[in-house]
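**Student:** Model the full structure from these sequences, guided by the hints.
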Amino acid sequence: MSVLGVYFGSSVISLVESKNKRPLNLSQVPLSLVAPVDLTEEKVPLEIKLGTLLKDELVANKIEAKEAVIILSGKDLIIRNFDMPLLSREELQTAVNFEVKKYIPFRVEELVLDFQRKVDKSSHRNNILFAGIKKEALGKYLAILSQLGLKVNSIEYAGFSILRLLKLIGIKTNGVIAVVAADLVKDDETNFMVIEDGFPLFSRDITFISTTHEQDIKPQEDKATRVLEKLKRELRISLDYYNRKFSSRTISKLFFITGQDYQLDMDSAARDIGVTSELLDITKYLDRPGTLSLALIKAYSGSIPEVKTELTINLLSAKEKVIKTALGFKPSARAVTLLRPRLNIKVIAGCISFCALIFIFGIYRALPLRKEIANAIAQRPVVATANVSASYDELNNIYAGYKQKLDTLDNLISNQVYLTNILDTLPRILEEGMWLTGLSFEGRHEQKQLTLNLEGIVSLGDGSKEINSVNSFLAKLKSSPIFKYFQEINIVSVDRAQQGEDAKTRFNIICQNITGRE
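Taking the numbering used here, the leading residue of the sequence shown gets 866, the next gets one more, and so forth.
Hints listed in this document are in silico derivations from the structure and should not be mistaken for laboratory results.
There's no promise every hint is true.
[To be verified] In silico BS3-like cross-links for lysine-lysine, where the CA-CA straight-line distance does not exceed 27 Å: (1) 914 to 999; (2) 1173 to 1037; (3) 1097 to 1369; (4) 1173 to 1118; (5) 967 to 1037; (6) 1184 to 999; (7) 983 to 999; (8) 940 to 1341; (9) 1343 to 967; (10) 1149 to 886; (11) 1149 to 1037; (12) 931 to 1016; (13) 1005 to 927; (14) 1032 to 920; (15) 1118 to 983; (16) 927 to 1149; (17) 967 to 1184; (18) 1051 to 1110; (19) 1118 to 1016; (20) 886 to 1032; (21) 940 to 1016; (22) 986 to 940; (23) 886 to 920; (24) 884 to 927; (25) 1110 to 1369; (26) 1184 to 983; (27) 1032 to 1016; (28) 884 to 1330; (29) 1016 to 1184; (30) 1037 to 986; (31) 1005 to 920; (32) 983 to 1110; (33) 1173 to 983; (34) 999 to 940; (35) 1016 to 1005; (36) 1051 to 1330.
[Unchecked claim] Listed next, with one range per pair, are the computed distances between beta-carbon atoms: (37) 1238 to 1271: 28 to 36 Å; (38) 973 to 1214: 57 to 65 Å; (39) 1244 to 1290: 52 to 60 Å; (40) 1035 to 1012: 35 to 43 Å.
Even glycine gets a Cβ: it sits at the ideal position worked out from N, Cα and C.
**Tutor:** What follows is the structure, given as structure tokens:
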């Protein structure tokens, strides 16, 4: 039976029908066909438009598949990797739900989620691979395919589906390897993953969508060159982050899934970062040698579920999980008769005697322990307490002494400055292309003067954009309720300097609570 892979990309929906790993029909539907052309156009839900459009496409291309797999890009999903202590499956489910709250700006109850764990024997911890999608978004995609009369078998992340292609080609996933899937000509999401023994340790989605103005004035070759340079830069950033987080797990090889015309460029980029590379030719499996369409490749990878990987995450299965309740039943009279035991006086007497012996034996064994406890209590030193005959003034003096001690302890706790909320807020409001290089905090409790010093770098390839990004970051700091404690938040310095091959803007911001002000 054939299976239809449906990939919802950023600008196109790709359809690939496959049977026994062989593609039968391929088609692509631009999302621009359902974009409104007139503000007065009747408001028809997008799901209805897409369902009608895809139904016509299935008929036009004679696609007869009855089962489908939905492949989604990273913009619709939340993919995270983190580690946790070794726990049971039941405890781990609760712990993961609590941990993932750090990474989402909404409630966990709004998600359909699934996760997979891998035990790290060296650190004795669980490596957790988490995937989630908002229930509203999931319902939208299921509604589209329900109009086509297709049975949806699974819902997958496009990056994980590409792992099937490695299995199909025969690439061994033992050890630590990296995969980059990129289309340098068409606007589609680029996927970067690092895999250890088939289990993703790190994944990142990179989007290079050109503006309409750039598409009009730049030829296709220039666009590919620009995207290639951006890809090299993003690849360095991703590998730098990975090496800091997983310093002991060195990448042995980097595999590229991209056009054959860019093999030399990819090899050069890999050599610059000190990794051996190999270009994989996937187009021959689509019966379209020489023409790369990453969107079609992702749809094809979802249409071959018979190629198994080490991943078990399936968001559709997670959606269908329900809490099982025990079903009560009333046994028949015959069953009650058969199950009712016959009473025997001797057996009952023997059971009572046995229980009595156990009770008496327990008391006998507990006697030495009780004597030991009584002796220990008798040998305890007498602790001085308030005299029951003490006067009111004496009791007040005792109370004042205890209150002074409590006030001292309370001051030690309440006057302590906590940075948890501040440190949690900073990464949430950082601008794109911005990272902090230094953070220092000085506080003088007796003068109530606190100073937070932030140093960072912005890299956007444009000085004016980088300055605007710093100003936007400053505005977010001032508007954040967490930073309302600081009366003055100012930019101390901003300069643009050359670092390596690129110029970057450095900045220094000081947040200060003026003495004597609350």
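**Student:** Honestly, do residue 1238 and residue 1271 meet the 28 to 36 Å range at C-beta?
**Tutor:** 33 Å, holds
**Student:** Given the proposed pairing of residue 1032 with residue 920, does the C-alpha separation stay at or below 27 Å?
**Tutor:** Violated, at roughly 32 Å.
**Student:** Taking 27 Å as the top limit, are the C-alpha atoms of residue 1005 and residue 927 close enough?
**Tutor:** Cα-Cα ~25 Å, so holds.
**Student:** CA of residue 1051 to CA of residue 1110, is that 27 Å or under?
**Tutor:** With Cα atoms ~32 Å apart, residue 1051 and residue 1110 exceed 27 Å; violated.
**Student:** Is it true that the C-beta distance of residue 1035 to residue 1012 lies inside 35 to 43 Å, as the hint says?
**Tutor:** 38 Å, holds
**Student:** When you check the alpha-carbon spacing of residue 1184 and residue 999, does it fall within 27 Å?
**Tutor:** Since the Cα atoms of residue 1184 and residue 999 sit roughly 11 Å apart, the hinted pair holds (cutoff 27 Å).
**Student:** Between residue 1016 and residue 1005, is the straight-line Cα distance small enough, at 27 Å or below?
**Tutor:** 15 Å, holds
**Student:** Please work out if residue 999 and residue 940 have their alpha carbons no farther apart than 27 Å.
**Tutor:** 11 Å, holds
**Student:** Just to be careful, I want the Cα atoms of residue 886 and residue 920 compared with a cutoff of 27 Å; is the pair within it?
**Tutor:** 24 Å, holds
**Student:** Given the hinted pair residue 886 and residue 1032, is their alpha-carbon gap at most 27 Å?
**Tutor:** 12 Å, holds
**Student:** Is it true that the CA of residue 940 sits at most 27 Å from the CA of residue 1341?
**Tutor:** 24 Å, holds
**Student:** Under the criterion that the straight-line Cα-Cα distance not exceed 27 Å, is the pair residue 967, residue 1184 satisfied?
**Tutor:** 22 Å, holds
In summary, the numbered hints that this structure violates are 5, 14, 18, 19, 22, 28.
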